[in-house]
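Trainee: The numbering of the sequence shown is UniProt numbering, which starts it at 1 and goes up by one.
Worth flagging that the hints you see were computed from the coordinates, not collected in a lab. Note that the Cβ used here is the ideal one computed from N, Cα and C, for glycine as well. Where hints are given, some of them may not hold.
[Claimed, not checked] Derived lysine to any residue pairs resembling SDA-like cross-links, with alpha carbons at most 20 Å apart:
hint: 1; residue 1: Lys367; residue 2: Asp324
hint: 2; residue 1: Lys367; residue 2: Arg394
hint: 3; residue 1: Lys367; residue 2: His328
hint: 4; residue 1: Lys243; residue 2: Asp230
hint: 5; residue 1: Lys367; residue 2: Leu341
hint: 6; residue 1: Lys367; residue 2: Pro321
hint: 7; residue 1: Lys367; residue 2: Glu378
hint: 8; residue 1: Lys243; residue 2: Leu219
hint: 9; residue 1: Lys367; residue 2: Val356
hint: 10; residue 1: Lys367; residue 2: Leu333
hint: 11; residue 1: Lys243; residue 2: Asp296
hint: 12; residue 1: Lys243; residue 2: His215
[Unchecked claim] Simulated restraints, written as ranges between beta carbons of each label pair:
hint: 13; residue 1: Ser189; residue 2: Lys367; range: 52 to 58 Å
hint: 14; residue 1: Gln228; residue 2: Ser34; range: 33 to 39 Å
hint: 15; residue 1: Asp230; residue 2: Trp132; range: 51 to 57 Å
hint: 16; residue 1: Ala218; residue 2: Asp73; range: 41 to 47 Å
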Amino acid sequence: MTADSADAQLAELGVTLLSRADELADTMLGLMRSDVGFHRSVALVSDDQLRSTVRNHLDFILGVFGEPERTYDTTAAAMTGRNRAVAGVPLPAVMDSYRICARFLWDELRSEAIRSATVTDAGLVRAASAMWMALDEFTTAMVTGYQDEVARRLVGRQRERSAMVQALIDGRLPDTVELWNAADALRISVHGPYVVVCAELASVGRSVLPDVEDHLSALGISSAWRLQPDVEIGIVRLGPSAKLDLVVDRLREYPATRIGVSPPIDDLADTATALRHARIAMTGCRPDRSPVTVFDRDLLAVTAAAAPDVMDRVAANVLRPLDDLPDHDREALLDTLEAWLDNGGSAERAAQALFVHPNTVRQRLRKLEQRTGRAVTEPRAAAELCIALEAVRRGAKQVTGPAIR
1 MTADSADAQL
11 AELGVTLLSR
21 ADELADTMLG
31 LMRSDVGFHR
41 SVALVSDDQL
51 RSTVRNHLDF
61 ILGVFGEPER
71 TYDTTAAAMT
81 GRNRAVAGVP
91 LPAVMDSYRI
101 CARFLWDELR
111 SEAIRSATVT
121 DAGLVRAASA
131 MWMALDEFTT
141 AMVTGYQDEV
151 ARRLVGRQRE
161 RSAMVQALID
171 GRLPDTVELW
181 NAADALRISV
191 HGPYVVVCAE
201 LASVGRSVLP
211 DVEDHLSALG
221 ISSAWRLQPD
231 VEIGIVRLGP
241 SAKLDLVVDR
251 LREYPATRIG
261 VSPPIDDLAD
271 TATALRHARI
281 AMTGCRPDRS
291 PVTVFDRDLL
301 AVTAAAAPDV
311 MDRVAANVLR
321 PLDDLPDHDR
331 EALLDTLEAW
341 LDNGGSAERA
351 AQALFVHPNT
361 VRQRLRKLEQ
371 RTGRAVTEPR
381 AAAELCIALE
391 AVRRGAKQVT
401 GPAIR
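The whole structure should be built from the sequences, with the hints applied where relevant.
Mentor: Below you can see the structure in the form of structure tokens.
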């Protein structure tokens, strides 16, 4: 049998089925309503819309039978994908509809070939090939259209959410109704408590907390984020169970340079103030210890970051007597003080941390006391040493000139 003969039979089948297109479309509509679970229980797409889509697809696919070599025009399929995405129909439900209708059309094509006295097996094979190739092209175009629309809408929603976060951190939503609307847009509850997170960027505009919203969501924690040129800002709802430790533990897994966490707030109207606190906590971070500083849990760090100029002067006043020591001797005294403080004032534990003898720790502390005139066992003097050490460890500049007395 020649190709021309097969094409003639193919065209004949197309014409015959096209003459029944309205009947076929009605049957396919019924199948989708009965066999596709989503369309059976949810009416996001009307019968007229479904039938119109089916009818357009039939016109094109069956029209291919008359011109098997023509280029596929998949515009209608791509539009169907976009429309279903806009309507909120899940992609699996759309795929199920295509699958059910394709199977029905194949059954009708085969039955029509059997009824026809002129269509041979070769003609049926040719028809099957044309139909499945067209359906494959249509399905691919539909999926692409669906995904493109989902991506477009997702980008749009992310922009809206980002703008809403910016409005909150700028303090531009004082009205209660506006705050409720903001919470709804951000998909976070209007009931706190919340914290604000501020993470320093390693380079301009590049996130240091990739997928953080999804990772926190997996822990049952809702959040919304805004990327700025120098920092990444998040509003995190802790909820009634106050999951701050979970948030901090998750943030510690990121390689960000410095991350600050504000004190909890109960009202989104206080977001701007919370951001200021989060920025201070971020500035007070010491990456050599932990990349995350929680405002309420590290008051020395917060104090050092909140008033850096004052802390510079405090450090100069308290630790200037060490300036004439060789650098390694000065660092040894400061390291010993830090280890002693970190270990609850225990010389033994500090010695273990420094890999020295406990007597070495005691000797260094005595030398520090003699130099600074401040005893580590005297509460006020110890507090001054703590603050000065914190300032130095966070990069506070040495201030020249006479010490403040």
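Trainee: Next step is simple, just say for each hint if it's right about the structure.
Mentor: Evaluated hints:
1. Lys367 to Asp324: holds, 14 Å
2. Lys367 to Arg394: violated, 23 Å
3. Lys367 to His328: Roughly 14 Å between the alpha carbons, so the hint for Lys367 and His328 holds.
4. Lys243 to Asp230: Roughly 27 Å between the alpha carbons, so the hint for Lys243 and Asp230 is violated.
5. Lys367 to Leu341: holds, 16 Å
6. Lys367 to Pro321: holds, 11 Å
7. Lys367 to Glu378: Judged against 20 Å, a Cα distance of about 15 Å means the pair holds.
8. Lys243 to Leu219: Judged against 20 Å, a Cα distance of about 9 Å means the pair holds.
9. Lys367 to Val356: Judged against 20 Å, a Cα distance of about 16 Å means the pair holds.
10. Lys367 to Leu333: holds, 8 Å
11. Lys243 to Asp296: holds, 15 Å
12. Lys243 to His215: Within the cut-off at roughly 14 Å; holds.
13. Ser189 to Lys367: 52 to 58 Å: holds, 56 Å
14. Gln228 to Ser34: 33 to 39 Å: At 52 Å between Cβs, range violated.
15. Asp230 to Trp132: 51 to 57 Å: holds, 55 Å
16. Ala218 to Asp73: 41 to 47 Å: Holds - the Cβ-Cβ distance for Ala218 and Asp73, about 43 Å, lies within 41 to 47 Å.
Hints 2, 4 and 14 from the list above are not met by this structure, while the remaining hints are.
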